[in-house]
Amino acid sequence: MLRITGGRVYDPANGIHGEVKDVCISDGRIVAEVEGTGVRTIDASGMVVFPGGVDVHTHVAGAALNFARAMTPENQREAVKFIHSPELRAGIGGITPTTFATGYLYAGLGYTTVNEAAVPILSARHTHEELRDTPIVDKSCCVLMANNELVLDLLEEGETERAKQVVAWLIWAAKGYGVKAVNPGGVAAWKWGKDAKILSEPVEGYSKVTPAKIIASLAAIVNDLQLPHPLHIHCNNLGAPGNISTTLETMKLLEGYRAHMAHLQFHAYGGDGWNSLRSEAATLAEYFNAHPNLTADAGAILFGNSVTITADGPWQHLLYQLTGHKWGNLDVENETGCGIVPYVYKGSNLVNAVQWAVGLELLLLINDPWRIFLTTDHPNGACFWRYPEIIHLLMDVDFRRERVRKLPAKALKRIVLGDLDREYTLSEIAVITSAGPARALGLSRKGHLGPGADADVAIYNENPDRELMFRYPRYVLKGGQVVVEEGAIRKVVDGREFIVHPSFDENIEEYLRPLFEQYYTMSFDNYPVEMHRVEGADIRECG
Amino acid sequence: MNRADFIIYWGGNPADCHPRHFTKYTLTPKGKHVPMGRKGRTMVLVDVRETPSVRAADIFLQVRPGKDFEVITTLRALVKNQPVDQARVAETGLTLAQLQDLVGRMKNARFGVIFFGMGLSMTRGKHMNSAAVLALVAELNAFTKFVCMPMRGHGNVTGADVVMRWTTGFPFGVNLCRGYPRFNPGEFSTVDLLVRGDNDAALILGADPGATMPQPAIDHLARIPTIVLDPKVTRTSRLARVHITTAAMGISAPGTVYRMDEIPLPLRPILQSPYPTDEVVIRRIHEQVKAKPAWLPASFKKVPCA
Amino acid sequence: MTHTVVKNATCTFCGCVCDDMELHAEGDRIVKTKLACGLGEAWFKNHTAEHLYPDALIDGQPSSVEEAVQAAADYLYEADMPLVYGLSNITCEAQRAAVALAERIGGVVDSHTSL
Amino acid sequence: MITLTLKEQPRVPLEAEAISPDVMAKLRHDEIRAVPMFLGKRQRRLDDFFEVEGEASEDLEIRGDVGKVKWIGRGMTRGRIRVAGNAGMHLGAYMKGGTIDVSGNAADWVGGEMSGGLIRIGGNAGGQVGAAYRGSLTGMQGGTILIEGSAGLEVGMRMKRGIIAVKGSVRDFPGLQMKGGTIILGGAELRTGAWMIRGTILSLRPIPLLPTFAYNCNYNPSFLRLYAKHLQIQGFSIPHEEGDGAYLLYSGDAAVSQKGEILIWQPRASS
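If you read the sequences in order, they're chains A, B, C and D. Using our numbering, you'd call the opening residue of the first sequence number 1 and step up by one each time. Using our numbering, you'd call the opening residue of the second sequence number 544 and step up by one each time. Using our numbering, you'd call the opening residue of the third sequence number 850 and step up by one each time. Using our numbering, you'd call the opening residue of the fourth sequence number 965 and step up by one each time.
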């Protein structure tokens, strides 16, 4: 039993905004009160107490990321090292941290739950293996569905009910938590560039299936299955100038459904080429603010190194074959074909400057913090361990303006960031880093400090330098155990995995089996991820 | 293999070494987008000699031994319409016309795949030969969809790559002496280490270097305390100080293996072994080591966070 | 003798890792394979569950696994630069354990890939 | 001067990046003796392996066969290291200034990613001389490496600036993916200049070329006089007189660029 006393508590989900009060913990959960002997006390005077952070969209495990790890040994040499000790596994931080380092780095930041946002079903077993080696944090996975041909074929035939059964079966086979739609319809759409009509044009190889149909059908299916997290959508035309029209159109298709828009920054561009790229964050925010069915995460970029991992639609299952993990292939010119491209965002680059501004503009212009969450689409926009830099930019308008002034003069005409004077409060930071994403994920025991919640708590020294404050929490508790103290990992605990079990008709297997045997090189019976591979599974029945 | 209509096997003999590769994965199956199956695909075999795989190929290109890098580099230039020296091309055993034809076919493919075997990656040039294939494939993507994939020889060598990458950040040859992973092929790769005599103990898992490595490496294994875990008493076991018999993967030991395209598959062992699994024995050794005092100096224990 | 059948078994002989074998065993031997190629069939039939080899050997002399584990731990701990090599014919679970052990003994871990 | 005399060959490689003028310049005798180094996984003291004479100097002399001692002179910016014997891997890696002299042979990665200074090897060197470490885009960015004997694979891989001169022959891939700078070779095995983008490789003996290099012309570039003069001081002579012969100039590698140059000396008698 534990009592955190004297700290200013930010628990926006329970209407607590910086009041000095005690937080009590027993058996890994928050409780109203603890009594008697054996109650340990943490004196949090002069500190602020947050619910543990929740990352709604990140890439920390699985085939693509693991491929990227091998591609950048030069980054690994420069990265933070985790030295082996009797308690800790060795690891490397940096742009694509190893699994152990990922757990330590997230916990070291005060984050206790992460959602791996792109899991191909065929290699879901791999993702779970890595998540099992990702310590401390709790995890969930979104399963890639919008380019699954079994599903698209059914949509082509107009068999929506069966498509729903297949989706449900696939989620359970992958031991997933949510459904992710990446670039629905795929590669063909990429080629059509910024044409706003693309969402209504048939996907290559189909006559009736359009990206629009995929989006609407999946949103409806996720709704019907009553999954805790709505459809998690990565819109078409990611990163392309002028893609704002595609994004707006996607959002219109989603009217009437709940949906989560991933890494919105990459989808809010105007202009008709790289030379005329401009921010359309204001347009996007205006629509978004008026549509409470939507949530989003920022997908902000920060200047510096990153690795962009492009999910390439229908070719998804072949991406893993773009391989040759020998160090010889680490030459940059070799990497573009692989969909994994090490990239440096530069402040002096006009395009990068606009991208940088768009992420922040969205966070500032979307007025309800419960609907926009802090992410960098790690590792695409920046590494997750740089979130404190973004928090600093959000909380300090003078600091932000100073940074804006350093951008190329040309960029200033294409952004509105310099005009925005909103400053986030600590309470709002608690919302965008924890309470909001927990709610969007439907994780009722995360993101708050009310009785019954998991005792995941981040305690920070109050410090006007917000970056420093959020970079080095004084304490981090996971499930009631102190895992981080003064910025160092003190104790390593295992994390759990949240998975959903949507109801489906068992007979769907009889429909799938022959198709599978025809088109897949893996045995049908070996396809579903076995339950025992999911460490600490927390299963939610639904539908 | 639902899509590939153009397949190149380079430096491999799948008919003998990966017997079902053609029929199950690449050539014969009627793919979703290649409904004609074998008839809808073109297969090119590049090798230094005629092997049984030639029978399955539409085109066989016989390259002189050790000239693969030259050929691939020439292809890279031709893909970009750059000039090459005809006489020096001919030294590779292939003519400029043959290579130009190949480039034309590659560019016109709807979806191309290059599978490269150990005949490429283990011959003179080694990793640079693999790098050359990757570079070529990357450049072909400016024209059409092209991918490539190494034909891995041993059972779960792909798994070893995958596991090492997520645990250490590097695919092989990882040095943990200073408490964190370091990578430098040539410095930390086994044959180099053993030939130089750098190690003072060795644990051999699921391998028989005593039968496959150069003699100086074997000699060093015999000099130092070597420990072998294997389902059989191998040649390495005979020169080792310690041998422990373990259950055979997939026969009597359960678990996971990775296919060469990095798809993980579960094992369904049919027999019950009288021996423990490798995993169990490794863990027991680990427990014993853990019981001893840590060798890392205390000054190492500070963990740099974030 | 007991006859057992396993379907969708995975063959780990080559890198293809086909997972559609049907295996038939009698007692401690595999007697029949379906869908396996020549190499796979030979590989399956080449392994048995018989107690053909001593549990462990120390300096060539049969010993218990217990003693051999202890000897292995002593050697690896005492060494300044131990090597963990191979990993291609063991499961991913064993590979994970091997990397953890390599860390614990402060060594180099390497696979066939480096050859 | 500080003299370090090896007591006995370490059984496993000794990592000794502290053997550098920058570290030693300020240290007293007892501090030098206690400098940490790593014998495989174990942290040890310098005097476990070396007899130490002298203190606080930028001039180091190492006596004995330190062929298993790695990272000598890592990142050094000034001063001098003399090795009377063989030197281990990564000698002068990341070096920025100063001089390293080795009387015997050096192992791989001599001057890896160095940016300044001078390294002279009296015997042979291993592979990856002046090269980029795995994954890095750029190898050597300045300075000079002179090798009396031969060298191994991938000499000058991805180098951008500086000079590497090898009197003897080198193995495959000299100047691999080179971006600039100059490599002078007494001959090479295969694939010289593979995938080079810019820079100059000069061979004093005939070498096989990739099909992606095209013959350009015969000439004696004027910059060679300068180089020849510079290297002559170090005991390296490069033929450059019109009367003696000419260089055959090839450009490539057409697989990536045509701005790289390979110059192959052809003495007058045979031309």
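Hints were generated in silico from the structure; no laboratory data involved. Please note that the accuracy of each hint is not assured.
[Unchecked claim] Between beta-carbon pairs, the in silico distance windows are:
#	chain 1	residue 1	chain 2	residue 2	range
1	C	R878	B	R648	41 to 51 Å
2	A	G273	C	K883	36 to 46 Å
3	A	E286	B	R648	28 to 38 Å
[Said to hold, decoys possible] The following residues of chain A were derived to be distant from chain C, with all beta-carbon distances above 12 Å:
#	residue
4	G28
5	H84
6	D133
7	L150
8	S200
9	D505
We put the CB at the ideal spot given by N, CA and C, even for glycine.
Against the structure, the hints come out as follows:
{"no.": "1", "hint": "R878(C) <-> R648(B): 41 to 51 Å", "in the structure": "holds (49 Å)"}
{"no.": "2", "hint": "G273(A) <-> K883(C): 36 to 46 Å", "in the structure": "violated (59 Å)"}
{"no.": "3", "hint": "E286(A) <-> R648(B): 28 to 38 Å", "in the structure": "violated (52 Å)"}
{"no.": "4", "hint": "G28", "in the structure": "holds (26 Å)"}
{"no.": "5", "hint": "H84", "in the structure": "violated (5 Å)"}
{"no.": "6", "hint": "D133", "in the structure": "violated (7 Å)"}
{"no.": "7", "hint": "L150", "in the structure": "holds (19 Å)"}
{"no.": "8", "hint": "S200", "in the structure": "holds (41 Å)"}
{"no.": "9", "hint": "D505", "in the structure": "holds (23 Å)"}
When held up to the earlier numbered hints, the structure conflicts with 2, 3, 5 and 6 and fits the remainder.
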